[in-house]
Amino acid sequence: MPEVLKAPLVVEFPFTRSLGPVQSAFLTGLRERVVLGVRTTDGRTLVPPVEYDPRTAEEIHDLVEVAPTGTVTTWAWNHEPRRGQPLDTPFAWVLVRLDGADTALLHALAAPGPDAVHTGMRVRVRWAGERTGAITDIACFEPYDAEPGQPGNHSGEFTEPLTGIVAPARLDYTYSPGRAQSAYIHALSEQRTVGERCPSCRKVYVPPRGACPTCGVATAEQVEVGPRGTVTTFCIVNIKARNLDIEVPYVYAHIALDGADLALHARIGGIPYDQVRMGLRVEPVWTEGARYPDHYRPTGEPDADYDTYKELL
Amino acid sequence: MSKEPVAVVGVGQTKHVAARRDVSIAGLVREAARRALDDAELTWADIDAVVIGKAPDFFEGVMMPELYLADALGAVGKPMLRVHTAGSVGGSTALVAANLVAARVHGTVLTLAFEKQSESNAMWGLSLPIPFQQPLLAGAGGFFAPHVRAYMRRSGAPDTIGSLVAYKDRRNALKNPYAHLHEHDITLEKVQASPMLWDPIRYSETCPSSDGACAMVLTDRAGAGRAPRPPAWMLGGAMRSEPTLFAGKDFVSPQAGKDCAADVYRQAGIADPRRDIDAVEMYVPFSWYEPMWLENLGFAEEGGGWKLTEAGVTELDGDLPVNMSGGVLSTNPIGASGMIRFAEAALQVRGQAGEHQVDGARRVLGHAYGGGSQFFSMWLVGARPPQS
Numbered sequence: 001m002p003e004v005l006k007a008p009l010v011v012e013f014p015f016t017r018s019l020g021p022v023q024s025a026f027l028t029g030l031r032e033r034v035v036l037g038v039r040t041t042d043g044r045t046l047v048p049p050v051e052y053d054p055r056t057a058e059e060i061h062d063l064v065e066v067a068p069t070g071t072v073t074t075w076a077w078n079h080e081p082r083r084g085q086p087l088d089t090p091f092a093w094v095l096v097r098l099d100g101a102d103t104a105l106l107h108a109l110a111a112p113g114p115d116a117v118h119t120g121m122r123v124r125v126r127w128a129g130e131r132t133g134a135i136t137d138i139a140c141f142e143p144y145d146a147e148p149g150q151p152g153n154h155s156g157e158f159t160e161p162l163t164g165i166v167a168p169a170r171l172d173y174t175y176s177p178g179r180a181q182s183a184y185i186h187a188l189s190e191q192r193t194v195g196e197r198c199p200s201c202r203k204v205y206v207p208p209r210g211a212c213p214t215c216g217v218a219t220a221e222q223v224e225v226g227p228r229g230t231v232t233t234f235c236i237v238n239i240k241a242r243n244l245d246i247e248v249p250y251v252y253a254h255i256a257l258d259g260a261d262l263a264l265h266a267r268i269g270g271i272p273y274d275q276v277r278m279g280l281r282v283e284p285v286w287t288e289g290a291r292y293p294d295h296y297r298p299t300g301e302p303d304a305d306y307d308t309y310k311e312l313l
Numbered sequence: 001m002s003k004e005p006v007a008v009v010g011v012g013q014t015k016h017v018a019a020r021r022d023v024s025i026a027g028l029v030r031e032a033a034r035r036a037l038d039d040a041e042l043t044w045a046d047i048d049a050v051v052i053g054k055a056p057d058f059f060e061g062v063m064m065p066e067l068y069l070a071d072a073l074g075a076v077g078k079p080m081l082r083v084h085t086a087g088s089v090g091g092s093t094a095l096v097a098a099n100l101v102a103a104r105v106h107g108t109v110l111t112l113a114f115e116k117q118s119e120s121n122a123m124w125g126l127s128l129p130i131p132f133q134q135p136l137l138a139g140a141g142g143f144f145a146p147h148v149r150a151y152m153r154r155s156g157a158p159d160t161i162g163s164l165v166a167y168k169d170r171r172n173a174l175k176n177p178y179a180h181l182h183e184h185d186i187t188l189e190k191v192q193a194s195p196m197l198w199d200p201i202r203y204s205e206t207c208p209s210s211d212g213a214c215a216m217v218l219t220d221r222a223g224a225g226r227a228p229r230p231p232a233w234m235l236g237g238a239m240r241s242e243p244t245l246f247a248g249k250d251f252v253s254p255q256a257g258k259d260c261a262a263d264v265y266r267q268a269g270i271a272d273p274r275r276d277i278d279a280v281e282m283y284v285p286f287s288w289y290e291p292m293w294l295e296n297l298g299f300a301e302e303g304g305g306w307k308l309t310e311a312g313v314t315e316l317d318g319d320l321p322v323n324m325s326g327g328v329l330s331t332n333p334i335g336a337s338g339m340i341r342f343a344e345a346a347l348q349v350r351g352q353a354g355e356h357q358v359d360g361a362r363r364v365l366g367h368a369y370g371g372g373s374q375f376f377s378m379w380l381v382g383a384r385p386p387q388s
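Chain order of the listed sequences is A and B.
Under full-length UniProt numbering, residues 1 to 313 are what the first sequence spells out, in order.
Under full-length UniProt numbering, residues 1 to 388 are what the second sequence spells out, in order.
Derived from the structure by calculation, the hints contain no laboratory data.
Worth double-checking, as some hints may not be accurate.
Keeping only pairs whose Cα atoms sit at most 27 Å apart, straight-line, the calculated DSS-like set for lysine-lysine is [unchecked claim]:
hint, chain 1, residue 1, chain 2, residue 2
1, B, Lys190, A, Lys240
2, B, Lys175, B, Lys190
3, B, Lys15, B, Lys175
4, A, Lys310, A, Lys203
5, B, Lys78, A, Lys203
6, B, Lys258, B, Lys307
7, A, Lys310, B, Lys307
8, B, Lys307, B, Lys175
9, A, Lys310, B, Lys258
10, B, Lys190, B, Lys307
11, B, Lys258, B, Lys3
12, B, Lys190, B, Lys15
For each label pair, taking beta carbons as the anchor points, the in silico distance ranges come out as [as the list claims (entries may be wrong)]:
hint, chain 1, residue 1, chain 2, residue 2, range
13, B, Leu128, A, Asp307, 31 to 41 Å
14, B, Tyr68, A, Gly84, 40 to 50 Å
15, A, Leu106, B, Asp57, 35 to 45 Å
Note that beta-carbon positions come from the ideal geometry of N, C-alpha and C, so glycine has one too.
Whenever a hint applies, use it, and build me the whole structure from the sequences.
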């Protein structure tokens, strides 16, 4: 059995966020070195602030400033910081109840080691040098033994408030297409298309998935299909897709390879786009080193009769 | 023991727009939920459970947003469920909520669906660069356009039908204050002159990308008795699924869609949907799906859906109005789009649809689908409670 393939898959995107009034004030405040909480109708001060009271579901927007000093309510030591974490040397994740607040904020505490951290210890904000209106405007917390800081009396009104942020997200996966698709991909490297037949309904799946989605049974019997096939339906693409270097217009078609029981999708070339039709007989055109056929072109055979492919649209 | 009848007593929507930069996601869902509660004249304390739906988390990149939305939806101390079924999720979410009432698990349930597409990238979320796979060569419209061509071949429909649907839905949207697109100067000529993106689909025959939320309050018979306005009663509701791709899949008229509709009609005692149903809010993201779904849902025989559209039957003043609200073609906050169909169906039988009200609508179908025509959810609502 050929080797099962594996490759890294990185999913990465810079998401935009509209902040709404409360988060806008909170993040703008951090930019101005002011920590804001929100006061509930029963007099609690929530830091970080939320838009709706978790107890009563009321909308809350009474912003109050709290001190940049506080008390660690619990913590965990991080031995091995990863990319994107607040500090690049080992640190403590801490929940800090800032002086004047009734709830705790999650952040990082710079400390020489776990022995230097305890619940109840006093800490203060270490501001980042460059601040943009983000939680990272607090670089981290640091141990602090002096008097509690005094909160100012900021109203939460700022000039040039921040209304949105960009939140980059990234996920790292190791992707494996599994046994059946690995075999299909290996065969493609020899310019052969190999599917699998369901032992129950006898349908040939290309690409194979290792199981028949209709019968729910494993498939193993390999069947070579094509290389020729029939265009069963198509569209003419008139808009250029990002990161695709294909001149428009071009034809994107469903092609039922001879011997396959469902169509695969590919581009049609070697014929003017407005002459492509349902039933056109085509064959693959390979380019050196490519994993997939670059496109399919007409074979010159007569068109297939509609009844021969109408179940394969 | 028979099921508890389920009533819709509150409906709330945001004004759907391209970008709601003034609110967070929490602020957006809150607005719809608040309006549904106001419509029902209820408070957060009257709600026993919350059922929420949206399209994949990848779209806005907030993983499991329901966790952080519990405060905004008054769900603290109550059960809160999230439903996932791609584009049909708004419909499935409403049905999960309805089933909780029907099963007498809860008396009154708030159900809500949303999408903030301005903070999202749906196209990116749906076409991740999976190793070894050939990239999708055509985009979302390119996925659906070949199926439209297959429909045209099968039915012999003239190629103008798609533009008739788009022209109708955009005019209907002008009567719906919540619709995203309000194209006051729309003409059929403009629709037909718009660029061909994925031939046979034109730009004007595609849906917009919207920020929006939709909420409903569902309740039992006792709750309906206390409602300040006439309720809509659920007469039938069903969901069906099938694989995205399989040998023998009929993309033009998927079996799961037919089965789902048949189940709803059986529950509701509908013998002839064309005769017994007064109007339909169906999920039409590309205009050609109107005639396709008319056939799939049993309103026309195979190959005959386009004839209803062409004859004006599906116009607002036609015999079987379709997408009185302007439909998905005028408003598409993806996760909410299915629930908007369900909610608009309810508004019609409650007589609360305003300018796009169909006179005397007694039984209206709400329809949603999603994935590669893979998930279906539908409900039929009526002005009178179910028999039994």
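Hints and how they fare:
no.: 1; hint: Lys190(B) - Lys240(A); verdict: holds (23 Å)
no.: 2; hint: Lys175(B) - Lys190(B); verdict: holds (19 Å)
no.: 3; hint: Lys15(B) - Lys175(B); verdict: holds (13 Å)
no.: 4; hint: Lys310(A) - Lys203(A); verdict: holds (16 Å)
no.: 5; hint: Lys78(B) - Lys203(A); verdict: violated (48 Å)
no.: 6; hint: Lys258(B) - Lys307(B); verdict: holds (20 Å)
no.: 7; hint: Lys310(A) - Lys307(B); verdict: holds (22 Å)
no.: 8; hint: Lys307(B) - Lys175(B); verdict: holds (25 Å)
no.: 9; hint: Lys310(A) - Lys258(B); verdict: holds (19 Å)
no.: 10; hint: Lys190(B) - Lys307(B); verdict: holds (22 Å)
no.: 11; hint: Lys258(B) - Lys3(B); verdict: holds (24 Å)
no.: 12; hint: Lys190(B) - Lys15(B); verdict: holds (25 Å)
no.: 13; hint: Leu128(B) - Asp307(A): 31 to 41 Å; verdict: holds (38 Å)
no.: 14; hint: Tyr68(B) - Gly84(A): 40 to 50 Å; verdict: violated (20 Å)
no.: 15; hint: Leu106(A) - Asp57(B): 35 to 45 Å; verdict: violated (21 Å)
Hint compliance for this structure: hints 5, 14, 15 are broken, all remaining hints hold.
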